[in-house]
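Participant: Below are the chains, spelled out letter by letter.
2 protein chains.
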Amino acid sequence: MDRNTIIAAARGDAAVDLLLTGARIVNVFSGRIQSGSIAIKDGYVIGFGDYPAKETLDLGGRYVAPGFIDAHVHIESSMVSVTEFARAVAPCGTTTVIADPHEIANVLGAAGIDYMLRSADGQPMDCLFALPSCVPATAMETAGARLEAADLAPFFEHPRVVALAEMMNYPGVIFTDPAVMAKLDLARRQHRAMDGHAPGLSGPQLCAYAAAGITSDHECTRAEEALEKLELGIRIMVREGTCARNLDALFPVIDAHTWPNMMWCTDDRHPHDILTEGHVDAVIRRAVTKGLDPVTAIRMATINPAAHFGIFDAGAIAPGRKANLVVFSNLTDIRAERVFFMGRRVAEGGRLLPTVTRPTPVRVPRAMHLDPAGLDFSIPLEGSRLRVIRAIADQVVTRCEIMPAAERDGMAVSDPGRDLVKLAVVDRHTGKAHMGKGFVTGLGLNRGAIASSVAHDSHNIIVAGVSDAEMRAAVTAVVAMDGGFGAVMGERVLAQLPLPVAGLMSDQPLETVRDQMDCMIDAAQALGASLSDPFMTLGFLALPVIPDLKLTDQGLVDVTRFEIVPLFV
Amino acid sequence: MDRNTIIAAARGDAAVDLLLTGARIVNVFSGRIQSGSIAIKDGYVIGFGDYPAKETLDLGGRYVAPGFIDAHVHIESSMVSVTEFARAVAPCGTTTVIADPHEIANVLGAAGIDYMLRSADGQPMDCLFALPSCVPATAMETAGARLEAADLAPFFEHPRVVALAEMMNYPGVIFTDPAVMAKLDLARRQHRAMDGHAPGLSGPQLCAYAAAGITSDHECTRAEEALEKLELGIRIMVREGTCARNLDALFPVIDAHTWPNMMWCTDDRHPHDILTEGHVDAVIRRAVTKGLDPVTAIRMATINPAAHFGIFDAGAIAPGRKANLVVFSNLTDIRAERVFFMGRRVAEGGRLLPTVTRPTPVRVPRAMHLDPAGLDFSIPLEGSRLRVIRAIADQVVTRCEIMPAAERDGMAVSDPGRDLVKLAVVDRHTGKAHMGKGFVTGLGLNRGAIASSVAHDSHNIIVAGVSDAEMRAAVTAVVAMDGGFGAVMGERVLAQLPLPVAGLMSDQPLETVRDQMDCMIDAAQALGASLSDPFMTLGFLALPVIPDLKLTDQGLVDVTRFEIVPLFV
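Protein chains in written order, with my numbering: chain A, 1 to 569; chain B, 570 to 1138.
Derived from the structure by calculation, the hints contain no laboratory data. Idealized CB from N, CA, C, for every residue including glycine. Watch out, some of these pointers could steer you wrong.
With the C-beta cut set under 8 Å, the calculated list includes, among others, these residues of chain B facing chain A [as the list claims (entries may be wrong)]:
id, residue
1, A577
2, G600
3, S604
4, A777
5, T858
6, F1137
Have a look at the derived ranges for each label pair, beta carbon to beta carbon [claimed, not checked]:
id, chain 1, residue 1, chain 2, residue 2, range
7, B, Q603, A, R32, 26 to 36 Å
8, A, D333, B, R791, 37 to 47 Å
9, A, D394, B, D690, 56 to 66 Å
10, A, A15, B, N899, 56 to 66 Å
11, B, L816, A, R32, 45 to 55 Å
Over the 10 Å line for every Cβ pair with chain B, so calculated as not near, a few chain A residues [as the list claims (entries may be wrong)]:
id, residue
12, G47
13, D518
14, G539
15, V545
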């Protein structure tokens, strides 16, 4: 931005580019709705009133709010690239996201963050970043990278970086792990927000977390939890994602006194939900339906996150701020009829305009270092009883179940009749193909194998299958795509979804991925899988920070004891 | 602060220093008042509840609020040093001020800022600073210094510096003066607040000012003015100073939607007002008396300015924030019964505790470069009619009046019978004793002379007198004190008030200065001065940014035309 040009236009010395007349402007500073005109120059709002303009557009009395801000999102969860994500959410009125590239950083480290930063250029919305604070999440898995404070430091100079992202390692904070404290100190020195992640933390431990300077939390699932955190100075991001929806539970906390310390976020939202429900706009609509004042709901989506992250050029319709605008007709059912990003029309009627072109794709580093040919999925029988992971529908937690082993030729094998299916996690980062093996129940698989390179948080390849050959075939399919989902029966690949961007994201539009995803689920269900989204459930079986029993490439992890445990009891 | 120690105490691993039990705690995040205990370690709040403590103090159900923050103050206006100012306002519950050392910077430049920064150490409150943005205020006077962006830059590294102070040169902003823009850019790069000062600015010019990134204004005198600014994203500091009191006018703007963008400040508060009314507490009391919710009034004095300035370690009673606390009994008449600063009792019953000692005085650079011996106050008669400054009681504006000259021996002289009194401003900065001469009416002086080294904004020596000899004697008295106020009749000094700190501040306690000030006013009134505070009025006769006619060491300034004009019409 050339600030002098903006100021000159504001004082009235030059014609503005665009004057939006007949607007009912949502003022997020006063909470009032004002009738008037919005003058735009070089992509920025410069003032209100009768400025001379090159182009005038009459909004016919429609409402105009600042573009919505998603305070915390993992773009990787949408399974598409930054480009396709932006093209999907901009029509919903989202003009800024604070993205935490935690997943790709676990795969590619600093190169992943760099890839995301470069991918953010030229999009129809602002993709800002919070730097992932916990890569890897634990030492009990082989991640693609390790990021210490010194690795993060250079990124704080980047204009798109506004915060340190969710500090999931809350024990590290509470017990002042030096590497964790170094990351917090780094953010503090930069006057940057330090976002938190502390589900259920309470009492003295929460006080310790707050005393460390943590400024937000998006993991609250109960009203009392949110109020306790808020009253310690931790701002509350109310999350409405695909797997975790907290608006209903936290709604009672939002009142005339607390709203300045609250905002919305989506965290993880899958393609289907974005396409059918929407994005931040969907959260606003739900909140308003539940009885929240619409202007307050808008403030929680605009100026509140802007102020939280020290973003002074967005989050409000005001001179010197980007002309990111959402036009709509109904305050009680806010649906973006037109979206402006930096003064440019980018979407109408919920659809991206054809004038919004894709920027040149950024080259993504290779993130698949695995030769599946020699993989050995066999498990010699070393006991009669197994620690089995029980998958639970629509949950990321699991249970540990003790089941008798099934034996064939001295090996422990799957027994689909008892819903006992072999599970393996194969390291795709080091080239050494470290493999952890175990069993899962609850997936419902009774034939074939399913595999995925989306396996939180290290995103090794996770595969479940009734035979070793089919497991190898599924992994081979995933490796051949440089990552993705695969479903195999016998030697045949029933369905596959390529995720060539770090094995996490597609380069196709969100609609395509949604359709491919539907095919994947159909294929998995054809193999007997009984869950609504078996690949999501599969992906979380590898996450060793969520109880009770998980599998990484290093083996079975008892999360309650935070240690590797033997498969055989 | 050793953060690890604070965190360890918060998680309960070490006894805290002090536990305040039986407290009704004003939570500025939720707006609620909670009954409970406050645990303090190493000067910081670490948590609530039953922490093991070395010392316990029962507050007997009294209220506890965070220490109050003055969002914008010129300590120089209190006429005492930082030490004496802190000792005066801490008992009122003020534990943080954002001081703009504009006056001393006009006298001593960077050395003045440095002096103030070093003086802030070891005080019973936090003196933080906004860097003066307009030194000198104009080119039509000889100031002691010129501060460009490059001069200010090093100070932004100082932990006590939190903002760029009031940008009074709003024409410079609106018309993008490069030196002004450089200062704004500097603050922006540091993610720092850029405070404003734009009385009456409106419409496109205000939009231009806002577009430059100005984040606050404390000069609003009308509700519509404040609302217009607030709705452009400029936070409103409601000022209650000695000369300018805006609470009554701005009160209607404070509502459930606007309060998050509003805060209190005192700007300029003279000794008498601090001692009789109080400080920020007085503003809170007035607002509550007018009907504002007390907790909202407290939030405007605590978390709002803290958030505005990015101060994360004060402004709330919460883990990791300084234990700056105000204890009081009555929510509708908030009077500090006890004040804690960094966990230490500093005041009780409105009095500083004797345990609070003065830090070692900081050496102040010499700020008087003037030999009064050779000063020639005579004005050769060059016409029959004079441009005379009309002083107006309790106002900083003046009028220009045309009056017939009085003549003696070919010289224009005072004529007390017509309330026509000679006025001079003598440069005390360069050693060259530049002198501007003119006449004033409205002071009422009919004998002797009064002089002052407090003459806004360059703080040269201003003197009004009926004879040249008495004017010289008054200036000589001021110079002999290294600055101050003097009242002379004949050869006798009737009264004097030494202000040895840069000719602006006393090193004596506020009560002493208040008493000395009373003597000065008595003496001036004995000389015929009719105004309630003739020295204050005198001091503003030199301020060439306030209309209509002013006198600097370079001559008479027609402020409406912003140029030097001849004395004789």
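Participant: Next step is simple, just say for each hint if it's right about the structure.
Facilitator: Comparing the hints with the structure gives:
Because the smallest distance between the Cβ of A577(B) and any Cβ of chain A comes to about 7 Å, under 8 Å, the interface hint for this residue holds. At a threshold of 8 Å, the smallest CB-CB gap from G600(B) to chain A is about 3 Å, leaving the interface hint in force. Interface restraint check for S604(B): the shortest CB-CB distance to chain A comes to about 13 Å, outside 8 Å, so the restraint is violated. A least Cβ separation of about 4 Å between A777(B) and chain A falls short of the 8 Å threshold, and the interface hint therefore holds.
With a cut of 8 Å, the hint placing T858(B) at the interface with chain A is violated, because the nearest CB-to-CB distance is about 22 Å. Residue-level restraint check for F1137(B) is violated (minimum Cβ-Cβ distance to chain A is 38 Å; threshold 8 Å). Judged by the Cβ atoms, the range 26 to 36 Å given for Q603(B) and R32(A) holds: they are separated by roughly 32 Å. As the Cβ distance of D333(A) to R791(B) is approximately 38 Å, the hint placing it in 37 to 47 Å holds.
Distance hint check: the CB atoms of D394(A) and D690(B) are about 58 Å apart, consistent with the given range 56 to 66 Å. Checked against the hint of 56 to 66 Å, the C-beta distance between A15(A) and N899(B) comes to roughly 58 Å, which is consistent with it. The given range of 45 to 55 Å is broken by L816(B) and R32(A), whose C-beta atoms sit roughly 22 Å from each other. Against the 10 Å criterion, G47(A) falls within the reach of chain B, whose nearest CB is about 3 Å from its own CB.
Separation of D518(A) from chain B is adequate, the least Cβ-Cβ distance of about 44 Å exceeding the 10 Å criterion. Its beta-carbon lying about 33 Å from the closest one in chain B, G539(A) satisfies the requirement of being farther than 10 Å from that chain. With a minimum CB-CB distance of about 20 Å to chain B, V545(A) clears the 10 Å threshold, and the non-interface call stands.
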